[in-house]
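Number of protein chains: 4
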Amino acid sequence: MMYLGYSDRVQPMLEKLRRFIDEEIIPNESRYNQELEGNRWSSPPVMQTMQAAAREAGLFNLFLSRDAEPFSQVEYAHLAEQMGRSEIAAEVFNCASPDTGNMAVLAQYGTPDQQKNFLIPLIAGSIKSAFALTEPAVASSDAGNIASMARRDGNGWILEGEKSWVSGAGDPRCGFLVVMCVTDPKAPLDQRQSLLLVPLDTPGVEIRRMISVFGYDDAPQGHAQIRFDKVRLPADALIGRQGQGFEIAQDRLGAGRIHHCMRSIGAAERALELMGQRAQTRYAFGKPLSELGGNVDVIANSRIEIEMSRLMALKAAWRLETAGLQDALIDIAQMKVAVPNMILNVIDRAIQLHGGMGVSEDTPLAKMWAAHRALRLSDGPDEVHREMIARNEFGRKSQSYL
Amino acid sequence: MMYLGYSDRVQPMLEKLRRFIDEEIIPNESRYNQELEGNRWSSPPVMQTMQAAAREAGLFNLFLSRDAEPFSQVEYAHLAEQMGRSEIAAEVFNCASPDTGNMAVLAQYGTPDQQKNFLIPLIAGSIKSAFALTEPAVASSDAGNIASMARRDGNGWILEGEKSWVSGAGDPRCGFLVVMCVTDPKAPLDQRQSLLLVPLDTPGVEIRRMISVFGYDDAPQGHAQIRFDKVRLPADALIGRQGQGFEIAQDRLGAGRIHHCMRSIGAAERALELMGQRAQTRYAFGKPLSELGGNVDVIANSRIEIEMSRLMALKAAWRLETAGLQDALIDIAQMKVAVPNMILNVIDRAIQLHGGMGVSEDTPLAKMWAAHRALRLSDGPDEVHREMIARNEFGRKSQSYL
Amino acid sequence: MMYLGYSDRVQPMLEKLRRFIDEEIIPNESRYNQELEGNRWSSPPVMQTMQAAAREAGLFNLFLSRDAEPFSQVEYAHLAEQMGRSEIAAEVFNCASPDTGNMAVLAQYGTPDQQKNFLIPLIAGSIKSAFALTEPAVASSDAGNIASMARRDGNGWILEGEKSWVSGAGDPRCGFLVVMCVTDPKAPLDQRQSLLLVPLDTPGVEIRRMISVFGYDDAPQGHAQIRFDKVRLPADALIGRQGQGFEIAQDRLGAGRIHHCMRSIGAAERALELMGQRAQTRYAFGKPLSELGGNVDVIANSRIEIEMSRLMALKAAWRLETAGLQDALIDIAQMKVAVPNMILNVIDRAIQLHGGMGVSEDTPLAKMWAAHRALRLSDGPDEVHREMIARNEFGRKSQSYL
Amino acid sequence: MMYLGYSDRVQPMLEKLRRFIDEEIIPNESRYNQELEGNRWSSPPVMQTMQAAAREAGLFNLFLSRDAEPFSQVEYAHLAEQMGRSEIAAEVFNCASPDTGNMAVLAQYGTPDQQKNFLIPLIAGSIKSAFALTEPAVASSDAGNIASMARRDGNGWILEGEKSWVSGAGDPRCGFLVVMCVTDPKAPLDQRQSLLLVPLDTPGVEIRRMISVFGYDDAPQGHAQIRFDKVRLPADALIGRQGQGFEIAQDRLGAGRIHHCMRSIGAAERALELMGQRAQTRYAFGKPLSELGGNVDVIANSRIEIEMSRLMALKAAWRLETAGLQDALIDIAQMKVAVPNMILNVIDRAIQLHGGMGVSEDTPLAKMWAAHRALRLSDGPDEVHREMIARNEFGRKSQSYL
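Residue numbers (my numbering), protein chains in the order written: chain D, 1 to 402; chain R, 1 to 402; chain C, 1 to 402; chain W, 1 to 402.
Isolated chain D (complex conformation):
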């Protein structure tokens, strides 16, 4: 049976989480932004304060913890939705992307040393991390385009290449990168690549620039373009087996896409909440906006689209949980197309209802829109997912893609 609702275990946690976000995080958003104003590439002090409160409330590390069984995919999806309601919430609970993905990878495939030196500090929140997959100037959704290469150098490796959209690398706390690179250029496409763990301070690792998203630098995490210039790495840099990079990355991205989409749904709930408040309190021509023009339809359609998006993402989570990644790929692809598109509509309508405030820094909406617009491209553009869905419909296998 497909169960998509709240389990007994997750329900009280969800309520606690929601209350914490409403009381401790949303009221601190503007302070976070002010603190960031003066010093963009360091973490605002209020983040520490909020994290301390989250620890105390037993809400730190909801994704992976040393003390408790992990939540199921469906359970965690519900938690991720709540975290999506504030742009800064996931980090407060040490559940921000790409850290959670890296935690999962190191927990499953990491060597004891990798776990000790990188996973444990990551879970402790004392370091942050990044994931380097996309490359500039090629379509990275085609795994065959990846050109960064690591060749054997004695026991170790020499890594050469360039990566872009390395999200999180701007944060001074970022301790390491997980880098996808070719290690066996002649192997079949899905065994050609490996993942290497690269501390950010390794000689030859150069952040060439930070990339903006609709004018936002997304500090302090940011999105880096990074050059790897003859970067020497020890044998222990390899995560999993040589040639296992594609497999691990697919695994990592599968769950990651669900988390992204569930957070999107939380963001859309926030947008709808703001829209409802605005519609009832803003007056023009003597009436509240809720009684003008098609605003009733706009709000109803937004509710409908959020509900459908949530069900679709929960179903993908349920499938991943019960049938495994291969059988969940199409569900995840469907979700990855549908959810960001629907959610962008919701946010866009909220912007419109807020007038000039909507496009400015006076609401979280404009930045929310920019982040979700990027989501239609990151982790595979809509087009690649649609291709995969259609081929499945035709009973044909889809081409290799990440």
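No lab work stands behind these hints: they were computed from the structure.
Cβ coordinates follow ideal geometry from the N, Cα and C atoms, glycine included.
Don't take each hint at face value.
What the hints assert, rightly or not - Using 25 Å as the maximum straight-line C-alpha spacing, the simulated DMTMM-like pairs for lysine to aspartate or glutamate come out as follows: (1) R:Lys116 <-> R:Glu69; (2) C:Lys287 <-> D:Glu291; (3) D:Lys287 <-> C:Glu291; (4) R:Lys287 <-> C:Asp142; (5) R:Lys287 <-> D:Asp142; (6) R:Lys287 <-> W:Glu291; (7) W:Lys186 <-> W:Glu247; (8) C:Lys287 <-> R:Glu135; (9) C:Lys287 <-> R:Asp190; (10) W:Lys287 <-> D:Glu135; (11) D:Lys287 <-> W:Asp142.
Claimed, not checked - Covered by chain D, per the in silico footprint, the following chain W stretches (three or more residues, Cβ under 8 Å): (12) 207 to 214; (13) 360 to 371.
Once you have looked at the hints, place chains R, C and W on chain D.
Below, chains R, C and W without anything else, positioned relative to chain D:
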């Protein structure tokens, strides 16, 4: 927990049903249409043949049977989806609308005599029925607009008024109508109306015309406009209590909307199946359509929209089942807006891919489209449902509507 | 300079035409339909009456007349828009498709005998005509798919093949078909075909069936599927030169697409007019529909879409007039995609605002919708036109298509 | 006759302008942005260089010049389109908004002193200007909401109030503001306001903050929130008559909306150009993007939408020119809804085709999108324009709005 999948009980039934439809019904569609061609207002003989086969296969009366526990809302929703794959399937299983709704009403509210004289023959498939709610020239989604009136006449009633869109009344086997009419003009809106059971051959009941949907007469059931001219009815014509009409109708329409939407999803699956076949077998400019233009996107989007629609309708079924009608009203309203609109897109794209065949009688698509277009108006137009959803969002109560 | 407005010559004609349609045609629509009810495959007598009135008013043969200079493309486009306001108007003025296209072809390419025997009676309104291009079971937008073939037989021809969607062939007054067929199978694609003039009563011409459009038979003209079984034709059956079929057909279809689209705009104006009346006179929940939900937006968007559609079609007409067909092909393709899609939206919204009446025979809207839906497929489906537009954008030549 | 094309006068100017933009401006865009990087709130030196070249080429002051007859509305619309192709082009030709609007106001309504002190330097390009209409925290599209007030103080005025979205006020060259404020609180709505000319360095004028649009500060012009705290102004601050503010502003905004929309069309042409280049040069899975998925449709639809948008805006320009503002209001409203929405679609598709580059600073697309998204709100949100269009359809007058 929200469970939307197949129960152990329904799964084997579903497989049997799907096979029966594929093997016994779809291959008979063209024969059904041919038999109908010569004699539009009688049931084609092949319907009897298929019904006999369904009885033998244990598939007759899946909605309500004297021999078995009824399926749950979610279970029946899955069955209804299968039946939606062929326009003529629901009747084969004695599960066509409005008969199922009338069965439910009579089973719950009918007097022993009503059950004996009308429910039992209806379940046996020896008579058919209709439901008369909409009135010409007013917005019937506003319950306050209903003008047909029954006044006391001794122990019995005299019914006056006019109804339109009485679907099923064109069928010669149609034995009775369930008629919504005002019985207490001064009562509060939701207690003003009652339901009366009116045999179609009662003196004063006059079918004034059959209404077409796009160019279809929808024979042999059809949609009748019916005049009630001083129709005398016995005391036993009353279904349920006097003044209970609105309540019973809401109840009836709640589940009915879910059945309609699930059948829509089955129809959309059929459209997508046809689309996929066409895309792979039709060539233009040296390529199959599947490799031309945006057909891959068209097919992928259709799959996505079907999946979302199904989840939304199943959720409404689950809520109705576990929380009751009042708590399910918003879920049902969301479904009632979303599903027909999404499904119309799917069918429309299938039409486009079929070229001229798509708009003609050479595929089931054109008729399917017409029927679903009407569904955006029947059982409440989109606009009324959206209003209800938005008001719920604002925490306000919505106005009374059917 | 691009001039799209009313010339001094056309303005008074337009006013006269509009008044005639409002006063003489629209009030006769229901009578036309009633007369047709009893005898679908003959022209209702009221058509004669209206045509007589049009003759008297000097409005007969606005497309091509023996007495006056033809109107320019832009001028005629404005006239065609008016005629689109009623489904039966174009025929009243002897300006119905496909007759006008056939008139143009015979006037330009016809032999004196063809003109005497077919063009003159066509202009006189004593016969009607049809155009046979599309073939069943292939994508006829790909000219390479046309399989009907005429081979030399002495001085004459023997025609073999099958055509579908031969609109107008159901009318008992239909005197002849213009048939596109292969005459030089080995010639380059654009010189492979010729047009033959085939009287409908020629032995071997068999109407196999009439095809419906969303349930409508479109009587009395209808859409025929016609078999040509060893049809012997005289030498004089050839229109233009052998191998000139593609060129003439393109020419004919170019202007024809503009006329279709301008009539669509007239139909959309009618739909918007009906929508506006309905919105102001129909009440629900105590308010006119115009003050409920998003109806204001619905009406405003419809107005905007009509205005844009008209400008686009007028521009195509202007380009055809001033630059010739080759330079106007892209403008015509743009119009052919944009206008029917926009207009379908307008009609669909009008249907929604009319509730059940909208899908029934109680307004002209449902039939109007069906006809325009077919227009997205006839004269080339949207997809073929979009391909051509995109290739032009890339500076590449598009493939041969009709 | 409606003429929308190129006049003999404008055609050579257009060609010159297009060449200048391609050769002198677009190649300087990145230098402009780099120079701005270090010093956001001053004009980059390359702007001076480009302006000098424009002067030499006879392209400076195409909107209003002391030496030549102004172009007609349609002619200038075509010029404005070209300028829209680069975000920085309009300023190069001294045709940037809001300067052109202020030039028009001062040329028509300015006193000789105002013209000497403000108009002449503005035309010379030695100062810039801004227009202060919108107020924070109210719906400024409802003219009744304007609260900034100027009361008489001897011969002069004392101005109190707060304005937001004062575009251009961040530029150090900004010499003066035109401020809309109430001068006769008890007058009818359309005579309640006046325009005052306020030098930016007047005591009491305080820029409280610069507002961002998505993540862009739009430096060096920016969008200011400005407080007027007991600002004393001389009698000569009044532009036009007391109470004439609404009338002048409507006049100013009418033409301004057309210029904005035509520049949008130029921007969309640039986006489509980039899209076409990308589609042909970027490969994935072994094919150029132009042959993958629905990209052909995406490009064709973009071309169609641009063409329709241009025609609609040109028609509004033609109406304004030939019939005057009152008769052009509905055309302008239609354009103001349709054009930004269509153009946003085009830009969004170009973003999608560019992948990560599309949302970053690596193409002009992301910033272009943000600017056009704001255009759906500035100069009246879509909703207000739609309301006006629908009321016109109903034959009713619309409410006063700016």
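Checked hints:
no., hint, result
1, R:Lys116 <-> R:Glu69, "holds (20 Å)"
2, C:Lys287 <-> D:Glu291, "holds (13 Å)"
3, D:Lys287 <-> C:Glu291, "holds (13 Å)"
4, R:Lys287 <-> C:Asp142, "holds (11 Å)"
5, R:Lys287 <-> D:Asp142, "holds (24 Å)"
6, R:Lys287 <-> W:Glu291, "holds (13 Å)"
7, W:Lys186 <-> W:Glu247, "holds (17 Å)"
8, C:Lys287 <-> R:Glu135, "holds (18 Å)"
9, C:Lys287 <-> R:Asp190, "holds (20 Å)"
10, W:Lys287 <-> D:Glu135, "holds (18 Å)"
11, D:Lys287 <-> W:Asp142, "holds (11 Å)"
12, 207 to 214, "holds (count 4)"
13, 360 to 371, "holds (count 7)"
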